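Q: The residues making up each chain are set out below.
Number of protein chains: 2
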Amino acid sequence: MKMNKVFITNYSSTHFSLQNIEIKSIMLSVVQKLILNSRIPKNLIDGILVSSTSDSKYLAAQISESIGVQPKISVTIENLCSSGTNAIVAAFAYISAGLANVIIVVGADLYDTPGKIFATDESRGNYKHPIFWASLFTKAHKRKYNTTEYDLAIISKKNHDNASNNPYAYNKKTYTINEIINSKKITDDLNILHCSKLCTGCSAILVMSENYAKQFSETPICIIGIGQNTVSPTFTKNDLTSMESTQKAAMAAFSMCKLIPHKIDVAEVHDAFSICEIMAVEDLGFAKKGCGATFSNELYQTNNNKINPRGGLIGSGHPIGATGISQTMEIVQQLQNNAGKRQIHNAKYGLVHNMSAAATSSTVLILTS
Amino acid sequence: MKMNKVFITNYSSTHFSLQNIEIKSIMLSVVQKLILNSRIPKNLIDGILVSSTSDSKYLAAQISESIGVQPKISVTIENLCSSGTNAIVAAFAYISAGLANVIIVVGADLYDTPGKIFATDESRGNYKHPIFWASLFTKAHKRKYNTTEYDLAIISKKNHDNASNNPYAYNKKTYTINEIINSKKITDDLNILHCSKLCTGCSAILVMSENYAKQFSETPICIIGIGQNTVSPTFTKNDLTSMESTQKAAMAAFSMCKLIPHKIDVAEVHDAFSICEIMAVEDLGFAKKGCGATFSNELYQTNNNKINPRGGLIGSGHPIGATGISQTMEIVQQLQNNAGKRQIHNAKYGLVHNMSAAATSSTVLILTS
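These protein sequence lines are chains A and B, in that order. To convert, count from 1 in the first sequence and add 544; that's our numbering. To convert, count from 1 in the second sequence and add 544; that's our numbering.
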């Protein structure tokens, strides 16, 4: 089956902050900036996809009305923390299927979004708050693979360092390894500086069919790999050291574009907590299982910023519905050679890894210039 | 551009009621019945799309976990009252683009869903509640086209009559024209029996690529036409007698399958209020503008039930996220010659018309056996 190619051409974002603002207002400002930057005529915009865990309804139609477009497709797409990449996959599908040509995907959430707590069935008891599964993951990885406090601290240090070069990051402060290890303990295995911070933010990208992308951009970035998977919670399987949905999503994405993990020059991975980055580089195939910490240490010692150059979620903050879009925007900037101080030299292939709720769902996107 | 064909093979639904139930529970029961009826192996299900205006998050992943499937795609899709058909269009896109082969689209809402009031900007003032725009539409149509109380009452009578043959309908009571005209006045132009009733309900359909549809169904129904449009509110245009988004969606859907309106044998149209059915048959092209009432009267006098055979929203009730799925399910039953007492003889082409918020968004689907 031959798919029609789909491209990302432009992006726009707010700074991430703790601002209290109407969800529609923050989206409008970013969408308007995106339209201005991309010089796309409004009458060509035939899709507005919103990614958010806000309770506001009919947001895409409200935005359409406010900016004066009459899209064919206007919906909100929600899948908790991976809402952003799920909306990008939907945009891919609409365009690839020929139902639309020019789609704005805009993701936003406020620091206190109702999506911040996953109110699932009571039987999960204490696992309602993400810190608990992250603690379980951390303890399990330490036990099985001798992952150390120092290994975890390197992830946090590197991502905070990187975020200091990201103009949109919530937290631009940098920390020493000691400050991280000695930061406030939340659980036995989690310090505050190992956690991403829920915040307010909005990011948007412009997705186009091939004809339009070539007409409106000199550097369109092609979506060549898509993998998605939803599994039962990892912790029902007596194995808390790998994220099955991420492994399956990665396999599907690499298979779609016939690439191997070592070809990826730059990646944004879903470091909701430090342990997630170590597990992600393993489950995505960048490092062998159990060698994620060693892999990350080696990159750190050689000043190689290919993983989470914008600072990941730990450094940039986590405005839930915006996160997947913001990750993708970073990879687009990298592949367009437009990432400023964060630029990875000669980046040709980039990867986005976005997940939800203890890695029960994962999305992997592979992009190329 | 050649699209891959997409089919609907099976369906399942609850009765519509005023039941107070957990949104996830009602969805689970319907999805399980659908899987049982269709005999589809669970490992082939690669998409779960939820249509709902509920505030519950991550519903598709929760359902996946509970029924034991590991889909590639699991998201909630929201666009108020047309969430259902928007989710079906998304399923079409995923399958047509080759990202999935077998998708369950499940829509549900409770009678008191937060989607029942569209909390838009304050500037719209009294138009927050749907009854007000429906009153404006009614008054305008009466003034311009001499539409009468009797014309409106016929729509309500016919749809209540039809619902009495729909096992899933909320209200199976039938009414005389006099009872309708003399029912409780809500505004100058709207009686209670001209309004659809928000209720609790869940409907689901199974959507498949061509290979799978032919393997698992002897009567797969093909989605041949899709049209969608979102416009600014009709009432900003000084014309309250037509629904621009419906006109544009219909034009696009008919153009996609190269059919004309007169070829449609059976249609479910979005009669949120009686006036909407009169306007819809005009804006979909079944009747000339201003002749919707005459067209409807003629069908009624000749016992022709081709419009809203299941009783529409007025007869069946309106469980918001389920409505578009339930409408589509009726058309699938009709085209599979499986609609029992409601069967339209020799139905070959069917149409679904679903809309949101004073017709600011509309979706039109055209199906064939």
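What the hints contain is simulated information worked out from the structure, not anything from laboratory work. Just so you know, these numbers come straight off a predicted model, no measurement behind them. Some hints could be false.
Since the list can't tell identical chains apart, any single copy or any two copies may satisfy a pair.
Lysine to any residue pairs mimicking SDA-like chemistry, simulated, CA-CA at most 25 Å apart [what the hints assert, rightly or not]: (1) LYS660 <-> LEU562; (2) LYS717 <-> ARG886; (3) LYS792 <-> GLN614; (4) LYS802 <-> THR718; (5) LYS568 <-> ASP599; (6) LYS686 <-> LYS728; (7) LYS729 <-> ASN847; (8) LYS729 <-> LEU803; (9) LYS568 <-> SER776; (10) LYS832 <-> LEU580; (11) LYS792 <-> LEU588; (12) LYS577 <-> SER600; (13) LYS792 <-> PRO585; (14) LYS716 <-> PHE760; (15) LYS549 <-> CYS801; (16) LYS586 <-> SER776; (17) LYS568 <-> HIS889; (18) LYS892 <-> ASN848; (19) LYS807 <-> GLU566; (20) LYS577 <-> SER776; (21) LYS549 <-> MET800; (22) LYS586 <-> ASP783.
Q: Taking the hints in turn, state whether each one holds.
A: Verification of the supplied hints:
1. LYS660 <-> LEU562: within (14 Å within a copy, 30 Å between copies)
2. LYS717 <-> ARG886: Result: close within a single copy only, 16 Å intra versus 68 Å inter.
3. LYS792 <-> GLN614: The answer is between: 10 Å across copies meets 25 Å, while 37 Å in one copy does not.
4. LYS802 <-> THR718: Cα proximity of LYS802 and THR718: none, with 38 Å in one copy and 61 Å across.
5. LYS568 <-> ASP599: Both: 11 Å inside a chain and 17 Å across chains, each within 25 Å.
6. LYS686 <-> LYS728: within (19 Å within a copy, 69 Å between copies)
7. LYS729 <-> ASN847: neither (28 Å within a copy, 74 Å between copies)
8. LYS729 <-> LEU803: neither (41 Å within a copy, 66 Å between copies)
9. LYS568 <-> SER776: between (33 Å within a copy, 16 Å between copies)
10. LYS832 <-> LEU580: neither (44 Å within a copy, 41 Å between copies)
11. LYS792 <-> LEU588: Result: close only across copies, 15 Å inter versus 36 Å intra.
12. LYS577 <-> SER600: Classified as within; 22 Å inside a copy, 31 Å across copies.
13. LYS792 <-> PRO585: between (39 Å within a copy, 20 Å between copies)
14. LYS716 <-> PHE760: neither (34 Å within a copy, 56 Å between copies)
15. LYS549 <-> CYS801: both (12 Å within a copy, 24 Å between copies)
16. LYS586 <-> SER776: between (42 Å within a copy, 14 Å between copies)
17. LYS568 <-> HIS889: neither (37 Å within a copy, 48 Å between copies)
18. LYS892 <-> ASN848: within (16 Å within a copy, 62 Å between copies)
19. LYS807 <-> GLU566: neither (41 Å within a copy, 47 Å between copies)
20. LYS577 <-> SER776: Classified as between; 21 Å across copies, 39 Å inside a copy.
21. LYS549 <-> MET800: both (13 Å within a copy, 21 Å between copies)
22. LYS586 <-> ASP783: For LYS586 and ASP783, the Cα distance is within 25 Å only across copies (23 Å; inside one copy 50 Å).
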